[in-house]
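There are 2 protein chains.
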Amino acid sequence: MSFEEFKPLNEKSLVEYIKATPALSSKIGADKYDDLVIKEVGDGNLNFVFIVVGSSGSLVIKQALPYIRCIGESWPMTKERAYFEATTLRKHGALSPDHVPEVYHFDRTMALIGMRYLEPPHTILRKGLVAGIEYPNLADHMADYMAKTLFFTSLLYHDTTEHRRAVTEFCGNVELCRLTEQVVFSDPYRVSTFNRWTSPYLDDDAKAVREDSALKLEIAELKSMFCERAQALIHGDLHTGSVMVTQDSTQVIDPEFSFYGPMGFDIGAYLGNLILAFFAQDGHTTHGNDRKVSTIFRILICMFIALWDQHKDGPGEAYLADIYNNDEVLKLVQENYMRNLLHDSLGFGAAKMIRRIVGVAHVEDFESIEEDKRRADCERSALEFGKMLLKERRKFKCIGEVVSAIQQQS
Amino acid sequence: MSFEEFKPLNEKSLVEYIKATPALSSKIGADKYDDLVIKEVGDGNLNFVFIVVGSSGSLVIKQALPYIRCIGESWPMTKERAYFEATTLRKHGALSPDHVPEVYHFDRTMALIGMRYLEPPHTILRKGLVAGIEYPNLADHMADYMAKTLFFTSLLYHDTTEHRRAVTEFCGNVELCRLTEQVVFSDPYRVSTFNRWTSPYLDDDAKAVREDSALKLEIAELKSMFCERAQALIHGDLHTGSVMVTQDSTQVIDPEFSFYGPMGFDIGAYLGNLILAFFAQDGHTTHGNDRKVSTIFRILICMFIALWDQHKDGPGEAYLADIYNNDEVLKLVQENYMRNLLHDSLGFGAAKMIRRIVGVAHVEDFESIEEDKRRADCERSALEFGKMLLKERRKFKCIGEVVSAIQQQS
Numbered sequence: 001m002s003f004e005e006f007k008p009l010n011e012k013s014l015v016e017y018i019k020a021t022p023a024l025s026s027k028i029g030a031d032k033y034d035d036l037v038i039k040e041v042g043d044g045n046l047n048f049v050f051i052v053v054g055s056s057g058s059l060v061i062k063q064a065l066p067y068i069r070c071i072g073e074s075w076p077m078t079k080e081r082a083y084f085e086a087t088t089l090r091k092h093g094a095l096s097p098d099h100v101p102e103v104y105h106f107d108r109t110m111a112l113i114g115m116r117y118l119e120p121p122h123t124i125l126r127k128g129l130v131a132g133i134e135y136p137n138l139a140d141h142m143a144d145y146m147a148k149t150l151f152f153t154s155l156l157y158h159d160t161t162e163h164r165r166a167v168t169e170f171c172g173n174v175e176l177c178r179l180t181e182q183v184v185f186s187d188p189y190r191v192s193t194f195n196r197w198t199s200p201y202l203d204d205d206a207k208a209v210r211e212d213s214a215l216k217l218e219i220a221e222l223k224s225m226f227c228e229r230a231q232a233l234i235h236g237d238l239h240t241g242s243v244m245v246t247q248d249s250t251q252v253i254d255p256e257f258s259f260y261g262p263m264g265f266d267i268g269a270y271l272g273n274l275i276l277a278f279f280a281q282d283g284h285t286t287h288g289n290d291r292k293v294s295t296i297f298r299i300l301i302c303m304f305i306a307l308w309d310q311h312k313d314g315p316g317e318a319y320l321a322d323i324y325n326n327d328e329v330l331k332l333v334q335e336n337y338m339r340n341l342l343h344d345s346l347g348f349g350a351a352k353m354i355r356r357i358v359g360v361a362h363v364e365d366f367e368s369i370e371e372d373k374r375r376a377d378c379e380r381s382a383l384e385f386g387k388m389l390l391k392e393r394r395k396f397k398c399i400g401e402v403v404s405a406i407q408q409q410s
Numbered sequence: 001m002s003f004e005e006f007k008p009l010n011e012k013s014l015v016e017y018i019k020a021t022p023a024l025s026s027k028i029g030a031d032k033y034d035d036l037v038i039k040e041v042g043d044g045n046l047n048f049v050f051i052v053v054g055s056s057g058s059l060v061i062k063q064a065l066p067y068i069r070c071i072g073e074s075w076p077m078t079k080e081r082a083y084f085e086a087t088t089l090r091k092h093g094a095l096s097p098d099h100v101p102e103v104y105h106f107d108r109t110m111a112l113i114g115m116r117y118l119e120p121p122h123t124i125l126r127k128g129l130v131a132g133i134e135y136p137n138l139a140d141h142m143a144d145y146m147a148k149t150l151f152f153t154s155l156l157y158h159d160t161t162e163h164r165r166a167v168t169e170f171c172g173n174v175e176l177c178r179l180t181e182q183v184v185f186s187d188p189y190r191v192s193t194f195n196r197w198t199s200p201y202l203d204d205d206a207k208a209v210r211e212d213s214a215l216k217l218e219i220a221e222l223k224s225m226f227c228e229r230a231q232a233l234i235h236g237d238l239h240t241g242s243v244m245v246t247q248d249s250t251q252v253i254d255p256e257f258s259f260y261g262p263m264g265f266d267i268g269a270y271l272g273n274l275i276l277a278f279f280a281q282d283g284h285t286t287h288g289n290d291r292k293v294s295t296i297f298r299i300l301i302c303m304f305i306a307l308w309d310q311h312k313d314g315p316g317e318a319y320l321a322d323i324y325n326n327d328e329v330l331k332l333v334q335e336n337y338m339r340n341l342l343h344d345s346l347g348f349g350a351a352k353m354i355r356r357i358v359g360v361a362h363v364e365d366f367e368s369i370e371e372d373k374r375r376a377d378c379e380r381s382a383l384e385f386g387k388m389l390l391k392e393r394r395k396f397k398c399i400g401e402v403v404s405a406i407q408q409q410s
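So the sequences go chain by chain: A and B.
In terms of full-length UniProt numbering, the first sequence opens at residue 1 and continues consecutively.
In terms of full-length UniProt numbering, the second sequence opens at residue 1 and continues consecutively.
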């Protein structure tokens, strides 16, 4: 069997592919193919995902198809996204190796990634949050991932030659960016056949979003920032469904939307989804998802500043050591940078909240609430908070004030 | 003679080159080579520029050398800049054809552009301003050039696919961007062997710039915006020495620093240099360079908004017609966009003023003041105004307030 041109794999051809690929077969072990267990688990919207478990090893094969899987061939989507996913998994994996699964193999023609299988009890973080499970190391781990991947791919560490080279490469992932532009920054604010919400309860709320000029002003600024500002190599889809966890392990997956964009888009995606989890609990604070927001952000800021201090004489060209040459000026610019990052994160986080309530893709946190009326009430609270946050984000001086606002809103 | 690999031309080989190149020889006319008058006039810092005038036609040949001409081979600089210059001359020329000289020929190997000779009485705008000459159409022409080149290469007109493609191409001009980063955003704020100023009069002033934490905070934000924000295809060096004028004609030349950057960098360069011209007149307002600042900016804003209104249903994806779907919301976002653009322009303009007084490259406006003490006094006023503008730019609600501030400072 030849794999010299693209073809979607099935459970049978997958085994042939693994046999023909030493980087993969070595993980399974020779002559161990008879008892292989293969399971297709792509519950995402875009790809095939096969779990391959043998007696002496395991792996995951992820293959991108040239369209969005859940919609079908009517919504084409370049399979080149697999190239950007693999490239970012490797880059982010080199920067935060404990929190990104190892890539064993990438085949651009086949749009195929062979990577570590995140064995049980790894579960999707969102499912864990819905179930009310606590992950004691989660904030530390996510802060490590975000601080390192964002810092080291920004001009705080890159010289501008390296930065523009890297930006150039990821400009190629424009189709995936365009999908984000549409579903996050555009569709929720206009009539679109893709939008849905808990009807009829939220009909007026959805309409109010489409008629809110102040909200449209803010979303336009964020959309332009998303499209124009190459601040760091961001994951691009860092919600709680892109993180797999156990009590000890936190693994960030699925960076196919990655590109050089604003850092706040990643931080905001994560914070916004934590806030959604809070509102999905009907205002009860038993699981502490409100406090999770401040904990992760505070640790992230500390780690980020520590990296900055540590590498202030490094290759980064945004703040040159012979200009920012004393503690006073360094502290001044760091505080300013972090305040701007907070505001960007709150804005993008709010945008991500809003789109999950009145846009195309919803979240299990709310979907798992069976009764429509009760779900709508939770969603309305989250939506109102998201709208307030998007409009008022610049008034928040620290993450603590955001948590207070969450508690007041609920 | 072969021109298949790069070689610097001289007045003799230049004629051979023209003869061998129909796009150029057709401008001169056949058999007219005996009475050709060739003059090398590259008074810039980077290139050779030959004016070629025959009895039936004329042209200019501009050739980039692989180093900065005025410093020599010790400061290498890619000759690929000629590619970006030619590409932008053609792109901007298509958008504002009355204000960009026609390109007849481009040879990437030879880093050579053949283009329209801007015949006498065309003169460098800066020289005209120093001489106190009035150009009645200048503001209209420059507003036309800036409004059209910036609007049509931004996401107000581009879809994001076209935008990222174009951004990718111009990421290649990173070496020229790095030169700007150094001389505009870095060197004036640190000890650098390239810096110079009117010494000893401005010794303390230069030191004060290097010790001003608030100033360093602002210049860092602008540097990051310059490096990260791909808002439009900007000229990249739009000072009054990059414009040639007569009473009727205004021609923008030398876009070798062009790339996708913040619009405010172009507008600010032009405004900042007009403000420098004002301060070089020792505070006398006879030439009205203060009022020139408000006139050009107001016309620019009007033209820009008119283009936006005209193309609001066009391909641009920043403000989609079905979201910004009534006059109220459209006016709201336009005013916000223009206020941000004013603030960006004032910041970059201030940075350009400062660097012309304490950085490597100075301006004839001041240099033509022979007496050191008097020159230093003018420069100090301009420097103080630049510093104030950089720190306080967000407080200005309109360009009129800026002109009032100029008049108060002088």
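Derived by calculation from the structure, the hints in this document are not laboratory data.
Since the model is a prediction, treat every value here as computed from it, not as a measurement.
You may find that some hints are simply not true.
Derived BS3-like pairs: lysine-lysine, alpha-carbon spacing no greater than 25 Å straight-line [as the list claims (entries may be wrong)]:
| # | chain 1 | residue 1 | chain 2 | residue 2 |
| --- | --- | --- | --- | --- |
| 1 | A | 391 | B | 207 |
| 2 | B | 207 | A | 312 |
| 3 | A | 331 | B | 391 |
| 4 | A | 331 | A | 91 |
| 5 | B | 397 | A | 395 |
| 6 | A | 395 | B | 312 |
| 7 | B | 397 | A | 391 |
| 8 | B | 331 | A | 397 |
| 9 | B | 207 | A | 395 |
| 10 | A | 207 | B | 395 |
| 11 | B | 387 | A | 331 |
| 12 | B | 373 | B | 397 |
| 13 | B | 39 | A | 331 |
| 14 | A | 331 | B | 207 |
Hints and how they fare:
1. Among the hinted pairs, residue 391(A) with residue 207(B) is inconsistent with the structure: their alpha-carbon atoms are about 41 Å apart, more than 25 Å.
2. With a CA separation close to 23 Å, the supplied pair residue 207(B) and residue 312(A) stays within the 25 Å bound.
3. Between residue 331(A) and residue 391(B), the direct Cα distance comes to roughly 18 Å. Compliance with the 25 Å bound is thereby established for this hinted pair.
4. Straight-line distance between C-alpha atoms of residue 331(A) and residue 91(A) comes to about 29 Å, which puts the hinted pair past the 25 Å bound.
5. About 20 Å separates the Cα atoms of residue 397(B) and residue 395(A), which keeps this hinted pair within 25 Å; it holds.
6. Our distance criterion of 25 Å between C-alpha atoms is broken by residue 395(A) and residue 312(B), whose separation comes to about 32 Å.
7. Distance restraint check for residue 397(B) and residue 391(A): the Cα-Cα separation of roughly 21 Å lies within the 25 Å cut-off, and the hinted pair is therefore satisfied.
8. For the given pair, residue 331(B) sits about 30 Å from residue 397(A) by alpha-carbon distance, which is inconsistent with the 25 Å threshold.
9. With a C-alpha separation of about 36 Å, the suggested pairing of residue 207(B) with residue 395(A) is violated against the 25 Å cut-off.
10. Restraint check: the Cα-Cα separation between residue 207(A) and residue 395(B) comes to about 35 Å, which exceeds 25 Å; the hinted pair is violated.
11. Distance check on the hinted pair: residue 387(B) and residue 331(A) sit about 21 Å apart at the alpha-carbon level, within 25 Å; holds.
12. With a C-alpha separation of about 35 Å, the suggested pairing of residue 373(B) with residue 397(B) is violated against the 25 Å cut-off.
13. Pair hint residue 39(B) plus residue 331(A) does not hold up; C-alpha atoms about 55 Å apart against a cutoff of 25 Å.
14. Restraint check for residue 331(A) and residue 207(B): the C-alpha separation of about 21 Å stays at or below 25 Å, so the hint holds.
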